[in-house]
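Asks: Please build the complex by placing chain B on the supplied structure of chain A, with the hints as guidance.
Number of protein chains: 2
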Amino acid sequence: MEHTEYTIEEMDKALEETKKQIFELLEEKKYFQCRDELLGCNEVDIAEILQEVEDEYGTQKALMLFRTLPKDTSVEVFANLDVDEQVAIINLITDPEIQYIIDELDFDDMIDVLEELPANLVDKILEKTPKAERHLINTFLKYKEYSAGSLMTPDYINLKKEWTVREALDHIKEVGMDSETIYTCYVLDTGRKLIGIMSLRALVIMDDSLIIGDIMREEYISAHVDDDQEELSELFKKYGYLAIPVVDNEGRLVGIVTVDDILDVIEEEATEDMERMGGVIDSDDKDYLDLSVLGHVKARLPWLMLLMFSYFITGGIIQSFEDALSSVICLVTYMPMLMGTGGNSGTQASTLIIRGMATGEVEPSDALSVIWKELRISLIVGACLSLINYLRIAFLEGQPPMVALTVCVSMILIVIVAKIIGALLPMGAKLIKLDPALMSGPMMASITDMISLMTYFSIAKALLHI
Amino acid sequence: MEHTEYTIEEMDKALEETKKQIFELLEEKKYFQCRDELLGCNEVDIAEILQEVEDEYGTQKALMLFRTLPKDTSVEVFANLDVDEQVAIINLITDPEIQYIIDELDFDDMIDVLEELPANLVDKILEKTPKAERHLINTFLKYKEYSAGSLMTPDYINLKKEWTVREALDHIKEVGMDSETIYTCYVLDTGRKLIGIMSLRALVIMDDSLIIGDIMREEYISAHVDDDQEELSELFKKYGYLAIPVVDNEGRLVGIVTVDDILDVIEEEATEDMERMGGVIDSDDKDYLDLSVLGHVKARLPWLMLLMFSYFITGGIIQSFEDALSSVICLVTYMPMLMGTGGNSGTQASTLIIRGMATGEVEPSDALSVIWKELRISLIVGACLSLINYLRIAFLEGQPPMVALTVCVSMILIVIVAKIIGALLPMGAKLIKLDPALMSGPMMASITDMISLMTYFSIAKALLHI
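Chains A and B, in that order, give the protein sequences.
Residue numbers 0 to 465, in the working numbering, belong to the letters of the first sequence in order.
Residue numbers 0 to 465, in the working numbering, belong to the letters of the second sequence in order.
These are calculated hints, taken from the structure and not from any lab test.
Be aware that one or more of the hints could be misleading.
As the list makes no split between identical chains, a pair holds if one copy fits it or if it spans any two.
Here are the simulated DSBU-like cross-link-like pairs (lysine-lysine), alpha carbons at most 35 Å apart as the crow flies [claimed, not checked]: (1) Lys127 / Lys237; (2) Lys236 / Lys172; (3) Lys19 / Lys285; (4) Lys143 / Lys237; (5) Lys123 / Lys237; (6) Lys19 / Lys237; (7) Lys172 / Lys460; (8) Lys432 / Lys236; (9) Lys123 / Lys432; (10) Lys297 / Lys28; (11) Lys432 / Lys141; (12) Lys19 / Lys141; (13) Lys160 / Lys429; (14) Lys159 / Lys460; (15) Lys236 / Lys429; (16) Lys159 / Lys28; (17) Lys429 / Lys60; (18) Lys60 / Lys160; (19) Lys130 / Lys29; (20) Lys192 / Lys70; (21) Lys70 / Lys429; (22) Lys429 / Lys19; (23) Lys60 / Lys237; (24) Lys192 / Lys28; (25) Lys192 / Lys236; (26) Lys297 / Lys159; (27) Lys160 / Lys237; (28) Lys237 / Lys18.
Here chain A stands alone, though its shape is the one from the complex (with noise of 0.2 Å):
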C-alpha cells in the first residue's frame, strides 16, 4: 500500500472519506463491498465505523457488518469497541460465537466484558470454559474497580533464572503470540514469588550462552493489586516503564499492568478532576452523549443544591445589611465585581494548587511557602485592580471619593483572602483524605462569595458611617 497522507489532519480525512463511501454503500446494501472497504482500515477504525453505523442505522445493521468480517479480525474489532456495544452484540449473536469471541479475546479484554454482563450470562459463558480457567476469572472479576488488580492482565511471559538467554528466546517464541506483552520478561522462583525483571532487549543483544540469573535486572519496581489505580499511573509517568508487575501479600506474581491501559487512566482521572471542579458530582465514566437526562440531573442537581443553600447564607448576609444598602443603593452595583473577583481570584489559585498536588508537586507541607507566594500574587493584583477602579469609579461615574475608596480597599483584602484561602481549601482537603479537587470553582466561589460581601459591608460601615 501507497502511504499518500502524511498529517495527521490528512489521514483523519481519509478516514472521514472511507466512512462517507461505507455509507453509501451500506444505503444501496452493497454489503459485500462494504466489508472490502472496512477490511482496508485498522481495526481499531473499524469499530469505530461500526460504531457509527449503530448509531445512524441501529444495532442489527452493524451486527450484520460485524458478522461480514473474517474471524480473528472481528475479535480484534470486538475488543476495540466501547462496553455498551460489546454488550448489545453480545445480546444479539448465538452462543457459540459468544464463546468463539470470549475464548480468543486478550485476558484482559475479556474481563472487561465479563464484567458488564449480567450474571447469568457470565455463568452460562463460564460453563464451557475449563476450571483453572474459570478459577482465574472469577479471581480477577474479584479485584476492585480502579484497583492495580482490575487494569492487569496474567498473560506475561515467565522465565527461569537457571535458563540461557537462547533458552528464555526459544521460550519466548513458543508462547510469545499469546502474551500481552513479550518486551519485559519475568523471572519467578518456585513459589511463583518474582525474583527479577529481564527486558527482550537485553535478551535480544545480550551473548545467548548467559544465564537469566547473573543478568536479570533485580531492582524493580511493581505495585500490589489492590493499589490505586492513580498511584499506579504515577509509577509509569515517574520511572517511563511500558509494563509494571503487580504481585500479592506474599510477593507472588499474579500480573501486569502495560502502558497502553495507564494512558486511559490518566486521562480518565484528569476528567475526574475537572469535572468536579466544575461542580459535576460522578458522570459514572459514561460519556457526555451516552450519559441519561436523569443520569445528568444527579450528576449535577446535588452540587446545585448544596450550593444554593450556601447563597441563602449569602442572602442572610445581605438582609442583615440591607438598611445601610438602602441608604446607599449604589453599592449594590459593586456587589457583583467584588464578589466575581473574589470567586475568580480563589479559583485561580485553587486550579494551580490541585494541578500541583495531582502532578505530585505540591504537597500539603509547603502551605508556608505557598501563603508566603499568593499574599505577595494578590497584593500586586490587587493593587492593579484596586487602582483602575478608584480612577473609575470617582472620576468615570463621579461617586463620592469614600465610595470609591470603600471599594478600592475591599478589593485588596477580598483579593487576598480569596487566593490564601483558594490555595489552602484544597490542601486541607487532601489532608483530610478528601479529593482537593472538590475544594475549586463552585465551592470555592460560594464561600469567598460570603467573606467578599462581609468585607465589602463592614468597610462599608466603617469608611461611610452607614
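Replies: Leaving out everything else, chain B in the frame of chain A:
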C-alpha cells in the same frame, strides 16, 4: 536484593526513609556513605533526591553528590533532573564534564537540554561535535515547540526489506544499545522513505529465514513533523502503539516518538485545559513553586482584568434598575443566589462539553442533540431548585408570594439559558479554532451573570409592577 515492599505506599515510605538517611549523612559530611546509599536507588529516585538536596542545601552540595556518582549513572540521573537543575549543573561543571554528558545523553534528552541553554553555550558545546551530528542537532532545535518534531528522537532502528529475520536480529544486536526503542523497527527504501514497520515481537517469534519485505506491516499510522503534540497523543490513545514514526513532506522517516514521552504530553494538555478553565492564562509549563511571583501575576492578572471589565457591564445593568431595586430592596438578597446558580449551571455544562471534546467524544456537529439534552436537564434541575426556593421565600421568610414567584420563574429561565450557553460557547470556540477551555469557569460565569441579572430584573418589573 530481597524486596519486602509490595504496595506503592510501602515503596514510598522506604524512599522517604532513604532520603532522611541521606540528609543525615550529608549533615555529618559523610559523602561516601551518602553515595553508597544513593547507588542503592533507581536513577529516577536519585534525581529526585538530588533535587531535594538542592532545595535544602543549595546547588553546590547537590553538585558535590552528583560528582560522586559513577559516570554512566550520572548521565542517567542528569537526564531525569528538571530542566532548571540541569542548566544549573551545566553552568557549574567543567567543559570536559559537559561534553561527556552531552555525548552520552539520549538524543531527545540532549535536545531538551540544549533548548534551555543560552545560544553561546550551545555553540561552544557543538564546536566539538562532528559536523554531521551538529547538522542534525540544529535541524532538531528548529522544530516548533509542541510539534511531533520537538518530541521525536532520530535513534530508531531501520531495516532493509531484502534482509532475513536472522539478519535483522543480528543488526539489532549490533546497534540496539543506542536506540531509543528496539521494539518497533522501521523498513526504509533507498530514499529513506518509510515503506513498512516490523515489531520486535514478530521478529522474535517468526522463522529466521523469512524475508522482511514479505512480512513487514505495510499499513501503519504515522505523523508529520509539524503535527501538534495533542493530535499525536490522540493517535497513541486511539491505537495503543508504543511508538509512532514521524515523516517529512516527502514521506521520509525523520524520527520516532515513543509512548513514554506521550504520558507527559497527556498530562500537560490536561493541565493547560484545567488552568484555562480556572482562569489562569499560561504558566509556561512551570511548576507552581518554580514560577516566580511576577510570573504568577502575569498568568493571572490579565484574566482578572478582563473579567473585571465584564463586571463593569454587570454594574451598569444594576445601575439602570437602581430605582426598582430601592423600592423593593429585598430583591437584592436573592441576586447572589440567582447569579451564582446561573454561573454554576453554565460551568457544569461547559466542563462536560469541553472534556467531551478533548477526549474526542463530542463534536460541534452534535450541537442540536446537546441543546435538546441540556434543555431537558435544566427543566428538571430548575424546577427542583425553584420549588425549594418558593417554600423558603414565601413561607420561611414570609415574603409576598409575588416576590417568591419572581425568584422562581427567574431561576428556571436562568438555569435553562445558562446551561445551553455553557454547552454552546465551547463548541463555538472550537469552530472558530479557539481553545474551548477558555470558555468555561470565570468567562462563563461573567456572561451568565449579565444574563441572570437582566432576566431577574425584567421579570421583577413585569410581575411586581415596579
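Asks: For Lys19 vs Lys285, is the C-alpha pair at or below 35 Å within one copy, between two copies, both, or neither?
Replies: within (27 Å within a copy, 44 Å between copies)
Asks: With identical chains treated as interchangeable, where does the CA-CA distance between Lys432 and Lys141 reach 35 Å or less: within a copy, between copies, both, or neither?
Replies: The answer is within: 25 Å in one copy meets 35 Å, while 45 Å across copies does not.
Asks: With identical chains, the pair Lys19 and Lys141 could be close in the same copy or across copies; at 35 Å between alpha carbons, which is it: within, between, both, or neither?
Replies: neither (43 Å within a copy, 39 Å between copies)
Asks: Is it within, between, both or neither when you check Lys160 against Lys429 at 35 Å Cα-Cα?
Replies: For Lys160 and Lys429, the Cα distance exceeds 35 Å both inside one copy (43 Å) and across copies (56 Å).
Asks: Please work out whether the CA atoms of Lys192 and Lys28 approach to 35 Å or closer within one copy, between two copies, in both situations, or in neither?
Replies: Close neither inside one copy (57 Å) nor across copies (39 Å); limit 35 Å.
Asks: Using 35 Å as the alpha carbon limit, work out where Lys130 and Lys29 are close: within a copy, between copies, both or neither.
Replies: neither (44 Å within a copy, 59 Å between copies)
Asks: When no copy is specified for Lys297 and Lys159, does a C-alpha distance of 35 Å or less occur within a copy, between copies, both, or neither?
Replies: Neither. Shortest intra-copy (53 Å) and inter-copy (58 Å) distances fail the 35 Å Cα cut-off.
Asks: Treating 35 Å as the Cα threshold, decide for Lys172 and Lys460: within, between, both or neither.
Replies: neither (83 Å within a copy, 81 Å between copies)
Asks: First find the shortest C-alpha distance between Lys123 and Lys237 inside one copy, then the shortest across copies, and answer within, between, both or neither for a cut-off of 35 Å.
Replies: Classified as between: cross-chain Cα gap 32 Å, same-chain 43 Å, threshold 35 Å.
Asks: Is it within, between, both or neither when you check Lys160 against Lys237 at 35 Å Cα-Cα?
Replies: Cα proximity of Lys160 and Lys237: one copy only (28 Å, versus 37 Å across).
Asks: Quick one: Lys236 to Lys429, C-alpha cut-off 35 Å, is that within a copy, between copies, both, or neither?
Replies: both (21 Å within a copy, 30 Å between copies)
Asks: Is it within a copy, between copies, both, or neither that the alpha carbon of Lys297 lies no farther than 35 Å from that of Lys28?
Replies: For Lys297 and Lys28, neither the intra-copy (42 Å) nor the inter-copy (60 Å) Cα distance is at most 35 Å.
The structure fails hints 7, 9, 10, 12, 13, 14, 16, 18, 19, 21, 24 and 26 (numbered hints given earlier, in ascending order).
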